[in-house]
Every structure is written in C-alpha cells, then in structure tokens.
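These are the residues of each chain, in order.
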Amino acid sequence: MQGAFAQGILFVLGLATAATAFILVVFLANSLLSPHDPSPAKDSPFECGIEQAGEPWVAPRLRFSTIAAVFVLFDAEAVLLFAVAGGLRGHLTALLEVGAFVAFLALGLAYAWRKGALEWRS
Amino acid sequence: MSPQHDLNYHLAQLTSDLDARISDHFEDVVIEISPLNLLQLAGELREIGFDRLGMVTAVDLGDEFEMVYRVTSRALSSSAFVKARIGRVDAHIASLCDVWPAANWQEREVWDLFGIDFVGHPDMRRILLPEEWPGWPLRKDYDDPNVIHRPDYI
Amino acid sequence: MSLEVESRKPVVSEDGLPVEELVVNVGPSHPSTHGVGRFVVHLDGDVIVKCDPVIGYLHRGIEKMAENRTYLQIVPLTDRLDYVGSMYANWAYCRTVERLAGIRVPERAEYLRVIVCELQRIASHMMGIGAAAADTGAFSMFLYAFDLRERIIELFESLCGARLTYNYVRPGGVSFDAPEGWFDSVSAFTAGIDKTLDEMDSLFFGNVITRGRLKGIGVLSAEDAVACGASGPVARGSGVNWDLRKHDPYSVYPRMEFDVIVGDNGDSYDRGRCKLVECYESARIVDQCIAQMPGGSVKAEGLPRLIAPPPGDAYDHIESARGSLGVYLVSDGSPRPYRMKVRSPAFCNLALTSKLVAGHTLPDLMVVLGSLDPVFGEVDR
Amino acid sequence: MAKGGVGVALVDRIGAALNRTPGGIILTSVDALVDWSRGQSLWAFPMGTACCAMELIAASFSKFDFDRLGTFPRPDPRHTDVMILAGTITEKMKPSVKLLYDQMPDPKWVVAMGNCTVSGGIFYYDTYSVVRGADTFLPVDVYIAGCPPRPESLQDAIVQLRELVKQESIAPGNRRERKGNLPRVIAEGGDAQ
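Residue numbers (our numbering), protein chains in the order written: chain A, 21 to 142; chain B, 80 to 233; chain C, 11 to 391; chain D, 466 to 658.
Warning: the hint list may mix true and false statements.
Listed below are the simulated DSSO-like cross-link pairs for lysine-lysine, each with C-alpha atoms no more than 27 Å apart in a straight line [what the hints assert, rightly or not]:
(1) C:K205 to A:K135
(2) A:K62 to D:K528
(3) C:K225 to C:K205
Not close to chain A: a few residues of chain D, all C-beta gaps over 10 Å, as computed [said to hold, decoys possible]:
(4) R543
(5) Q568
(6) Y589
Please keep in mind that the hints were generated in silico from the structure rather than gathered at the bench. Computed from a predicted structure; not experimentally measured. Glycine included, each C-beta is placed from N, C-alpha and C at the ideal position.
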C-alpha cells in the first residue's frame with residue numbers, strides 16, 4: 021500500500037513540475053526572443069480602428085444581478101452534488117436524502133422561473 | 080379610369096395650382112416646378128400614389144443648381160421626375176423628409192457633396208466626407224490642391 | 011480628421027435607474043460590418059438604445075471621376091461600385107448610356123447580359139447569405155456558399171478572363187461572345203444547383219438556432235419599406251411585391267418565365283430566405299435564356315469609337331441583387347458625361363439600420379446588417 | 466520587470482553575448498529557428514476595405530486555402546503579424562489604418578495588396594479622397610500588383626514575405642533597423658535597403 025501511495029504522489033509531483041516547466045520555458049523564450057518596442061498606441065484599447073468612444077466603466081445594469089444570484093446558487097448545488105455523487109452507489113437511503121436536497125432546490129428553481137428571474141430582459 | 084388616364088387628370092390639376100410645367104421623357108413624366116412650392120407638390124404627389132422616392136440628386140449647371148427627384152407609383156405603375164432650380168449662392172431648398180423618409184440620407188449626401196442646405200432636415204450633417212472637409216467636391220468650381228487631373232489623351 | 015469622442019448623457023435604464031450609456035464603436039475595421047461601415051452604438055446593458063451609422067470610409071468620389079472620363083472609360087469604374095456584383099453594375103450604367111445615345115443592342119447581347127446578370131445575382135446572394143450566416147456562427151454555411159460562388163466565378167473567368175471586376179458589359183453590347191462549350195458548362199452548373207441550394211436551405215435556414223436568432227429581429231413593415239426607399243430582397247422580405255424585372259420589365263425579361271419571391275413578416279429571416287429562394291428563380295431564367303439564345307453579333311454595328319450622346323439627361327435602372335440600381339446621366343454633347351449619379355440600393359437599404367436595430371441587443375445588430383447585406387463600394391461610391 | 470526596460474536590456478545582453486561567440490554560430494542558429502517559426506505562422510490582419518477584400522476572403526477559403534501557408538486571418542490587430550491592406554484607402558480611413566498598424570505587436574510586416582494600396586491604382590486621377598499608395602504612411606514590405614490580384618499571387622506574397630522574415634534577428638546589431646515609419650524605398654531616394 022505504501023509503495024503504490026508513494027508512486028501516486030511521485031506521479032502527481034512529476035506531472036506538476038513538467039507542466040509548470042513547460043509553461044515557464046515558453047514564457048521565458050517568448051519574452052527573451054521577441055523584440056520589445058512598447059508604444060502608447062500599443063497600450064490603447066482596440067475599438068475597430070477608432071479611439072475609444074466614451075468611458076468603458078459604466079455601472080452594470082441591476083437586472084443582471086437576479087440571474088447572477090440564481091446562477092451562483094445552482095452552481096454551488098452542482099458542486100455539492102459532485103462531492104456526494106461518488107458515495108451514492110448502492111445506498112438507497114443516501115439516494116433519498118440527496119433526492120430531498122435536490123427536490124427542495126428544484127422547488128426554488130421553479131419559483132424563480134415563474135417569477136421571471138430567468139428572463140434576460142425585464 | 081385606367082391608371083394612365085387617372086395620372087393625366089391629376090397632373091393637369093397640378094399644373095394649374097402650382098404652375099408646374101409637365102413634359103414627357105421616355106416613358107416618365109417630368110414636372111418642373113419652382114422650389115417654393117416643391118413641398119406642396121411633394122405632398123400632392125404622395126396623395127396621388129407616388130409612394131416611393133427613388134432618387135434625390137443635384138446637377139451643377141454653372142450659374143444655378145438643378146435638384147432632380149425621381150418618384151415612383153406602384154399603383155399607377157408610372158414614375159415622374161421632379162426638377163427644381165435653385166440659385167448658387169446660399170443654395171437651400173425644402174427638405175422632403177416628412178413626405179418621404181427615404182430622402183433623409185440622400186439629402187445629407189447632396190448637402191455633403193454640393194453644399195445645398197435642406198430646410199427642415201432632422202439631421203443635417205455630412206454623410207460621406209469627414210466633418211471638417213473643406214468645400215463641396217461635386218461642384219464644378221471645386222479645386223483641391225492634391226487632386227491630380229487626368230491628362231487629356233483624347 | 012477627428013476621431014471624436016461621443017458625449018454621453020445619462021439615460022433611464024430599463025430598470026428605471028438613471029445610468030450612463032455605454033458608447034461602442036462597431037467601427038470601420040470589424041469582421042461583420044461587411045466592409046468599412048462604422049456604427050456608433052449607444053448601449054444600455056446590451057440593449058441598443060441608439061445606433062448611428064457613419065459611412066464614407068470608402069468614398070472615392072467615383073461620380074467626380076466620371077466627369078473627366080469618356081463613356082467607355084467609366085465602365086471599369088462601375089465594376090468597383092458594387093464589387094460583389096460587377097456584372098449588373100456595368101449593365102445599369104450601359105443601359106443608361108444606350109438610352110442617352112440611342113444605341114440599339116443586338117438580341118444575342120441582351121440574352122448574354124441576362125445570363126451573366128442572373129449568375130452574378132446568385133454569386134452575390136451567396137456572398138450575402140454566407141456572410142450573414144458567418145455572423146450568426148454558422149461558418150460552414152459561408153464555406154458552402156463560397157464554394158458555389160467560386161464555381162460561378164470560374165464560369166465568368168472562362169467568359170471574360172477576370173475573377174471579380176469583369177468590365178464585360180459595354181455600351182452597345184458585350185465585349186466577348188461566349189467561348190466554345192461555355193453554354194454547356196453553364197447548363198451543367200444550373201442543373202446541379204437545385205440540389206446544392208436545397209442542402210444550404212436546410213443547413214442554415216432550416217436550423218433551429220438560425221430560426222431562433224433571425225426570426226423577429228429587425229422587423230420592417232411594408233409601408234416603412236416603401237416609404238424609406240428600400241428595394242430588392244430587403245423590401246420584398248417585408249411583403250412589398252416590387253421587382254423591376256417583372257413590374258418595370260427591361261431587356262428580354264418579358265420573355266422569361268419566373269416568379270417574384272416575397273416574404274411575409276419582414277424580419278431578418280425572411281430577407282435572408284428571399285435571397286436564397288431567388289437563386290432558384292435565377293437558375294431557371296438562365297436555363298430559359300440558353301434555350302432561346304439567338305445567333306448574331308454581340309456588339310451594336312456602327313458604334314462610334316467615341317460615344318458623344320446629344321445633350322440631355324437619362325435615367326435607367328435594373329434589378330440588382332441589392333435592389334433597384336439606377337444610373338442618372340446628364341450629357342452636354344461632349345464625349346464626357348456632365349454629371350453621373352448612381353442611385354445605390356445598398357445606400358438606401360443601409361439607411362434603415364438605425365430604425366431596425368433600436369431595442370434589440372448588440373448581437374442582433376450583426377444579424378440585421380447581415381440581412382441588409384450592404385456593399386460599401388456601392389454605399390459610399 | 467520595468468516596462469520593457471530591463472527585458473530589452475536582458476535580450477540585448479544575451480543577443481550581444483551570443484554574437485561574441487566564435488562566428489556567431491549560436492546566434493545565427495537561434496535566429497534561424499525563430500525566423501523559421503515566425504515565417505511558418507504569419508497570422509494576417511485582413512485590413513479589407515474594397516474589392517481586394519473579396520479576393521482575400523476567396524483566398525482564405527476552401528478553394529485556395531490560405532491556412533496551408535500558416536496564414537490565419539484574425540480580425541484583431543493584437544493577434545496578428547502581417548497587415549494585409551486589401552482595398553482602397555481613403556483619407557477618412559487613413560487614421561484608422563495607421564492606428565491599427567500601431568496597435569499591432571512587433572515584429573510586424575505590411576503587405577500592400579492591389580493597385581489601390583500600391584499607388585492609388587484606378588483611383589489615382591481626379592479623386593479628392595483617395596490616399597495614393599499605402600507606403601506614404603506605412604512601411605510596406607511586399608507589394609502585389611493586380612486589380613484585384615489573383616489569390617495565387619496573394620499567397621505568393623506570403624511566401625516571399627518569409628524571405629523578409631529571415632532577416633529579423635534577436636541581437637540588436639543584426640536587427641533590421643526600421644527608419645521610423647518613413648518607407649525605406651522613398652526615404653533613401655529609391656535605393657531599396
């Protein structure tokens with residue numbers, strides 16, 4: 021058990037270092053070999069060939085906040101379901117418990133849907 | 080009444096009210112009118128059935144401009160040219176945007192290239208050339224230093 | 011030239027709160043404005059509050075140039091007007107010159123002109139539909155459409171040697187007679203076209219995503235279409251039954267058997283579909299032309315080398331892929347026109363953008379532009 | 466790293482160091498590798514304004530297939546190496562083209578496609594709003610004649626451009642110096658550098 025465990029750890033460490041090494045080499049080579057010629061135009065935002073019209077920092081619209089909240093809620097639920105999904109196989113009671121959890125959230129979704137929270141435009 | 084007869088009746092009535100001169104040109108009718116009652120003529124034509132304004136353009140005749148409009152009536156299946164002459168200095172004429180919205184951009188183009196002002200136009204700006212372009216290019220007396228004129232081979 | 015910055019004024023957002031608009035330049039260099047148009051879009055969230063088209067980035071002053079060229083030298087200029095459909099751009103100009111100078115065109119030349127113009131209409135529609143499809147994400151449709159367009163360009167290349175700017179239709183007829191076996195290759199092309207068009211129809215217009223994206227976007231009522239001077243598939247998409255080939259017939263179109271495709275609810279879907287279904291009709295016209303093709307010369311006899319029409323003016327127009335393309339010529343008796351005005355359908359159709367787009371979201375601007383299918387050589391002249 | 470300051474110094478020191486090795490063998494081999502990889506993947510910014518844009522589209526589609534040359538059209542100047550000027554440049558469009566050229570990262574090249582960009586072409590005489598030739602305000606590397614040029618000649622231009630790419634070097638000494646934005650040919654009275 022000990023050998024297999026160590027082997028697993030070594031494999032993960034090896035993979036991690038190989039990945040970071042590859043990325044570092046690419047970035048280093050890129051920054052070293054490419055000519056650096058910074059100019060104000062290069063830093064200006066690209067807007068189809070015209071200087072930027074107006075301030076980009078505009079307050080986001082309120083109506084997007086509802087759909088964002090609903091998304092975060094059900095995204096968190098999905099994460100929890102992934103965590104539990106592994107142990108569900110073969111235990112009926114566990115299935116019922118998770119089923120109740122999902123049912124409550126489905127009720128919430130139905131309510132939000134009917135109240136029009138999912139409408140893209142009010 | 081056949082459409083053609085219907086059209087002649089209306090046109091005859093037009094000449095008396097607005098002293099327009101009617102003549103034929105290939106299969107179209109040419110209505111020459113003074114710029115003062117152009118707007119009234121346009122309203123009348125719209126009632127008769129000329130619901131489509133095809134073309135708005137100007138011709139620089141040297142001492143004065145000639146505005147040329149072409150209107151089409153699908154019901155009467157006939158088309159008519161409307162011509163009006165305006166003086167060269169401080170050229171202006173009534174805008175037909177209220178009668179036919181199609182005139183909006185075409186009048187802006189005539190303003191842009193000829194410098195003819197359209198009174199009552201909702202958005203009188205240059206459309207093709209940059210805003211601060213000097214002069215009116217399509218006028219005959221437009222001289223631009225960096226225009227290279229084509230040598231006369233023939 | 012000032013790349014001016016728009017002034018921004020607060021607007022009451024849909025949520026009822028006073029919030030500033032975001033002004034975005036969908037500018038001259040943008041993949042889905044089909045050329046160099048710039049649309050200054052005032053956004054509330056992603057809803058377009060106001061869209062102000064700025065054009066003129068390809069204004070070369072062709073009308074001014076025409077005043078210093080003879081009537082024959084202007085034909086290559088008209089190629090560059092509607093560069094996606096140069097054949098019928100030439101034809102519109104040549105018809106006006108023939109009417110002005112009283113030139114009679116032989117029958118065979120008229121038939122060749124109709125064949126070439128109908129093939130050009132299919133090629134131009136392929137460009138229009140393909141670009142519109144690419145804007146909604148269906149890039150494979152662009153490749154399909156371009157494959158069909160390339161086959162037509164090959165036919166034109168074997169006919170007059172050029173791929174895009176043909177200079178083929180001249181005042182008084184056409185420049186070359188059809189080479190040996192050209193009609194057979196055209197017939198082979200039109201025979202196989204129905205299958206390809208059906209495929210494209212189901213691939214793009216049958217697709218549920220396209221229906222979702224295109225239906226109900228940029229609705230243009232029939233009265234607005236006529237009042238705002240729209241013509242061609244843009245007007246016919248709204249139910250306006252007006253096609254110059256049928257309602258103001260010219261050349262040999264009265265002898266042709268074809269029907270006018272009219273949409274019913276005037277949204278981007280109908281405009282696009284009208285273009286595609288028109289291609290079936292064009293193929294039918296080409297077949298009929300080849301069947302009725304007379305013999306004889308392709309150029310008018312006794313044509314002076316230097317056309318100098320009597321003083322006067324003339325206007326003539328044809329049904330191009332974008333609408334009624336008209337040319338108004340004023341002649342003062344010299345071999346150079348005194349004034350040339352091109353009535354450009356793309357210019358008038360593009361004027362509808364700000365009206366059609368208000369209230370839709372930003373991606374719908376691309377869909378509406380795709381359906382209006384502007385070609386900026388003809389818009390800006 | 467300071468804005469480009471230290472990075473540039475580092476590159477120059479390395480380039481100079483490689484240069485001092487006997488015969489600069491390492492430098493030239495690194496250059497060869499870098500230039501080869503750049504030449505094989507020149508992403509194009511299609512500055513398509515008029516008819517040549519149609520040929521540029523036709524060239525990048527299935528029949529003529531630009532992609533086999535590694536040239537992929539990208540609508541954003543940030544992702545591209547070559548600006549392909551396709552179509553007439555008018556006075557109103559000129560500042561936008563200049564701005565887009567400046568926004569492209571180095572190393573960058575310009576291909577002037579079609580007579581209008583080479584010399585104003587058919588719109589040379591009698592126009593008030595056409596820029597007669599892109600090299601009056603951009604350093605053009607490859608000129609393609611034709612109105613519009615055939616897609617094959619456009620692709621030949623990319624192949625020729627690879628010769629120019631091979632002149633680039635990471636060491637400051639060898640780097641092909643650009644005399645600002647003035648076109649080299651006209652700047653030195655006609656003798657191409």
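Could you let me know if the closest chain A CB is still more than 10 Å away from the CB of D:Q568? 6 Å, violated
Within 27 Å, alpha carbon to alpha carbon, are A:K62 and D:K528? 35 Å, violated
Beyond 10 Å from every chain A Cβ: check whether that's true for D:R543. Given a closest Cβ separation of 6 Å, the condition is violated.
C:K225 paired with C:K205 [C-alpha distance capped at 27 Å]: 25 Å, holds
Quick check for students: does the CB of D:Y589 sit more than 10 Å from each CB in chain A? 24 Å, holds
Given the hinted pair C:K205 and A:K135, is their Cα-Cα distance within 27 Å? At roughly 48 Å apart (the allowed maximum being 27 Å), A:K135 and C:K205 break the hint.
Hints 1, 2, 4 and 5 from the earlier list are contradicted by this structure; the remaining hints agree with it.
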